[in-house]
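Just need the whole structure built from these sequences, with the hints factored in.
So you can see what is in the structure, the chains are spelled out below.
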Amino acid sequence: MYDVYKIRDDFPILKEKVNGKNLVYLDNAATTQKPLSVIDAIADYYKHYNANVHRGVHSLGVIATQEYERTRKKVANFIKAEDSSCIVFTKGTTESINLVAYGWGRKFLKEGDEIILTVMEHHSNIVPWQILAREKGLKLKFIPLKDDGTLDIESFYSLITGKTKLVGVTYVSNVLGTVNPIDNIVDAAHSVGARVLIDGAQGIPTIPTNVKSLNVDFLAFSAHKMLGPTGVGVLYGKREILEDMEPLLGGGEMIKKVSITDSVWADVPYRFEGGTPNIAGVIGFGKAIDYLNNLGMEEIFKYEKLLTTYALEKLSGIDGLTIYGPRDISLRSGIISFNYRDIHPHDVATILDQSGIAIRAGHHCAQPLHSVLGIPASCRVSLYIYNTKEEIDYLVESLERIEEVFRSGA
Amino acid sequence: MYDVYKIRDDFPILKEKVNGKNLVYLDNAATTQKPLSVIDAIADYYKHYNANVHRGVHSLGVIATQEYERTRKKVANFIKAEDSSCIVFTKGTTESINLVAYGWGRKFLKEGDEIILTVMEHHSNIVPWQILAREKGLKLKFIPLKDDGTLDIESFYSLITGKTKLVGVTYVSNVLGTVNPIDNIVDAAHSVGARVLIDGAQGIPTIPTNVKSLNVDFLAFSAHKMLGPTGVGVLYGKREILEDMEPLLGGGEMIKKVSITDSVWADVPYRFEGGTPNIAGVIGFGKAIDYLNNLGMEEIFKYEKLLTTYALEKLSGIDGLTIYGPRDISLRSGIISFNYRDIHPHDVATILDQSGIAIRAGHHCAQPLHSVLGIPASCRVSLYIYNTKEEIDYLVESLERIEEVFRSGA
Amino acid sequence: MELKELYKEVILDHYQNPRNYGEIPYAYSSEGINPLCKSEGENPICGDAIYIQFLVKDNRLEDIRFTGTGCTISQASASIMTELVKGKSLEDVKTLIIRFKRIMEGEEDFTEDLGDLLAFEGVRKLPARIKCALLAWEVLLEGIKKYLERQVERVNV
Amino acid sequence: MELKELYKEVILDHYQNPRNYGEIPYAYSSEGINPLCKSEGENPICGDAIYIQFLVKDNRLEDIRFTGTGCTISQASASIMTELVKGKSLEDVKTLIIRFKRIMEGEEDFTEDLGDLLAFEGVRKLPARIKCALLAWEVLLEGIKKYLERQVERVNV
Ligand SMILES: Cc1ncc(COP(=O)(O)O)c(C=O)c1O
Ligand SMILES: Cc1ncc(COP(=O)(O)O)c(C=O)c1O
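Chains as they are written, first to last, in the working numbering: chain A, 1 to 410; chain B, 411 to 820; chain C, 821 to 977; chain D, 978 to 1134.
Be careful, since some hints might not be right.
Here are the simulated EDC-like cross-link-like pairs (lysine to aspartate or glutamate), alpha carbons at most 16 angstroms apart as the crow flies [claimed, not checked]:
no., chain 1, residue 1, chain 2, residue 2
1, B, Lys427, A, Asp44
2, B, Lys549, A, Asp262
3, A, Lys212, A, Glu403
4, C, Lys824, A, Glu403
5, A, Lys314, A, Glu397
Facing chain B, from chain A, some residues (calculated, C-beta under 7 angstroms) [what the hints assert, rightly or not]:
no., residue
6, Val18
7, Ile39
8, Asn52
9, Ser59
10, Gln66
11, Gly92
12, Ser124
13, Ala133
14, Val258
15, Asn278
16, Phe301
17, Ala361
18, His370
Everything labelled a hint here was simulated from the structure, so no lab data went into it.
Cβ coordinates follow ideal geometry from the N, Cα and C atoms, glycine included.
Set out below in structure tokens:
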């Protein structure tokens, strides 16, 4: 049984007071909190076996390397990758996507080639492609939205052509919560020989995923959005594609041989991990995956649906509150963005913060989407495994009190 | 007074047993150990105020951002930079150098331009330039060594020409321990209008440094080699140079504005910090700098000289042991590489590990230097603030016993 | 902190009834000697935006107007600012801007003579919102700097 | 672990007196039917290097020699390997290589029939050195694979 109160006990921060109130953390799409097992794993590494990896003959170096590599295996299993050599550690989703742009795109794309993205992409999945497009003369096309905040997949079918070389789509929108139809996208893309890159930053933390059956070519995600430490990300790539890619960072650990005149790259995935990696972070990430596996991704998925349904229902009941994104629970995850009357999202967030509630206000690194929605900013509530119905009730109460502040001058 | 025993108490790992023996950690050039204050700072962040930075209105986000930015100020003060906006956080020296290669080199260097490096560079300061040279048609030149393992500065003066656009030099060799004459190099480089990049990975941890008076253009270093966490590095750059540079990673946090057609970069240094950074790591790094400042960099520098003098003397007394690098203590730091008879460094390291001694064996990511020295690999002992004379005595004893193993079949 | 302290009536009043809101009429500003000055700025994180127009005569801010969108704090601050600076000499305006920045950054204290600005005492305790409070002020400072540079250029020609 | 366990006499003996060390004489290998096969590999982290030459006749390893530089473990392992595989059928050699890899990676146990290879029980406990022990074996496996691919190509022509 999914016992959210027991889960909460594993997260030290949930006992914090903020502005004198119990912390209600609803900014999980920005970064999630960490269970004690992750925090302790990092401290353990530093206290008991801190050493550089892949280089040392001495015992500490060996243990550190084993633990580091063990996380790679865990990640591979978590997303059902064919092999752990398909798992590249980066510092986050942003670096993972840039690695695809530089290491694959810069090598294989040519003038006139087309890349299809969506208007709901996070800046991380737009800016690298703009840079590459400018450099190489590529064309970027954007899949528009339907009124309900889902992708207009028909438009996608008409945008895709023989010139399309890459389709880059977010698994889950970090603003609308929309879950995109990866299978359809992969099928259509592969039918014209294009590669598919999935920005999994918001999807992997909550949706049980099998990359092999999804048949995606690249998948990027961040540890810190799924109970793991900051400064760790993953790029999954099909082995044969990774083999042909260039590194993003040249340096130590990523070479087989260096002479004054030339270098030979190391094998995949080490080729892409130049320099000392975030060893403590990767080791901590292993424990985060253990934690999610112990709960069970299916259970997590179900609980989030339950909680999201509840939140949508409650928030819809508030007068003057506009929710963006799909209402159909089967099309969305636990990220809910909204605006409340004509009160600026920053004011909403500040006022909620006085009640101990952490939500996000702004454009959430998705300015193009906000332009499409015709708003400069929005409030965002994002749920994760430890949030409760009581927290949502408290959010709703607190939102309803905001109006008073503005009416009365507090 | 510098009390090494008191210092050791701050490092939990120094109480570990390895293969039943007390750990003697002499692999500090690979990564240093961490004091409890650093380990605790990371746990504190996760337990009490974990949140994403630069984005949140809510209290946790504000505290996290303040702490993150406080480290930037500490780093600026530590190297006496003019301003904290000259401090860019990366994941390590390797990323810092690649950022210079991509962000500055790719933009400003043209076919026929020349880059001068040294044969003692770490791969991190060779490979990015080889990649760029191949792409742009640049010429790489390498400053050779003199017999004593110092740079042949006369050769440098003859290599440098009006075509030289960058001189990239390691502050301290991670194999020979050689401390390079940065002032002379900067003077000569600036006199022909070339920029100077210092790889400070091994220098910043032990040499009190003032970037303003050294007048270097770029300085790269890693937190994990100076008591800080893994996954954090620094690129210092002169403000006006950074202002003209392109980012390495496109994504969130590094933009002012993104539309479907175009983006405007954020100001320096945020432009270079795309994506969620290693927040916990940066905050921990702040405590590492506090720790070093509390001891005093001048004191640390003196203690390392003392210890290195002692180690060199003792090691020189071992029959059949060849030390690479300068003997003159004023020209070197506490990194000592050697070979012992014809015993392969890996065997030496394995045997020492059985006595609890951690040293490094291999090419230390400096294959070109090893070619020059005419050896495939070497053993490396590297000292840091918590090492003692007793540890060196124990190392020497243990080395002397190796011969027995090989004579008797153990 | 009490919400009262943060969203004081003064702030809400300026937000709901912004002073000097709008643009300076073209006719008024078309004389060649003191051309219309413009300056704008955004806080990319919040989506706050401020556009300022002002007229300088005899080194004084003869007129100033603003438009913008954004949160209560940023818009109220702009409104209060326009009231405080209108008619003042450029020197005095610069001094006030720098002083208000120092106050909000915690390097100086509020004093009674600051009038409606005193309402920002609560905001100062919220680092995430200080940028909002300072946005209009930064935009005006930028505008004045550009104006003065142009004056220098004109003299140098 | 005792050093004795690691640096057993067998290992030091093979290191100091490597068997089948050197190259296969040109004359011996110059018949067209079973050309000289070469394979080489390095462990970039240690600087260990192994070069192998071998001759195949009737699907058997008729001869095998190695040269190389590196640590005790890598060189002794190569020497012991050449003794064990010489004269065996390619199938048997492949089976032995895969078995030894599995043993060193902890997936199978040592058994008495392994002869001098038993000396590597100590090495198995040192993950950092397993690569050294396996280097020669990987190089030979690679060489055999390439040989077989060439045979297939020849048939397909
Ligand atoms: C001189 C030198 N430069 C660069 C590096 C690379 O640093 P990092 O692995 O932290 O990127 C190192 C350390 O490995 C080094 O010693
Ligand atoms: C959909 C999406 N993509 C990419 C990112 C960027 O991830 P990171 O900041 O960890 O690199 C985020 C989170 O900010 C996101 O929500």
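Do the hints match the structure? See the list:
| no. | hint | in the structure |
| --- | --- | --- |
| 1 | B:Lys427 / A:Asp44 | 15 angstroms, holds |
| 2 | B:Lys549 / A:Asp262 | 12 angstroms, holds |
| 3 | A:Lys212 / A:Glu403 | 50 angstroms, violated |
| 4 | C:Lys824 / A:Glu403 | 13 angstroms, holds |
| 5 | A:Lys314 / A:Glu397 | 10 angstroms, holds |
| 6 | Val18 | 5 angstroms, holds |
| 7 | Ile39 | 5 angstroms, holds |
| 8 | Asn52 | 4 angstroms, holds |
| 9 | Ser59 | 5 angstroms, holds |
| 10 | Gln66 | 15 angstroms, violated |
| 11 | Gly92 | 4 angstroms, holds |
| 12 | Ser124 | 4 angstroms, holds |
| 13 | Ala133 | 10 angstroms, violated |
| 14 | Val258 | 5 angstroms, holds |
| 15 | Asn278 | 3 angstroms, holds |
| 16 | Phe301 | 24 angstroms, violated |
| 17 | Ala361 | 5 angstroms, holds |
| 18 | His370 | 10 angstroms, violated |
This entry does not satisfy hints 3, 10, 13, 16, 18, going by the numbered hints stated previously.
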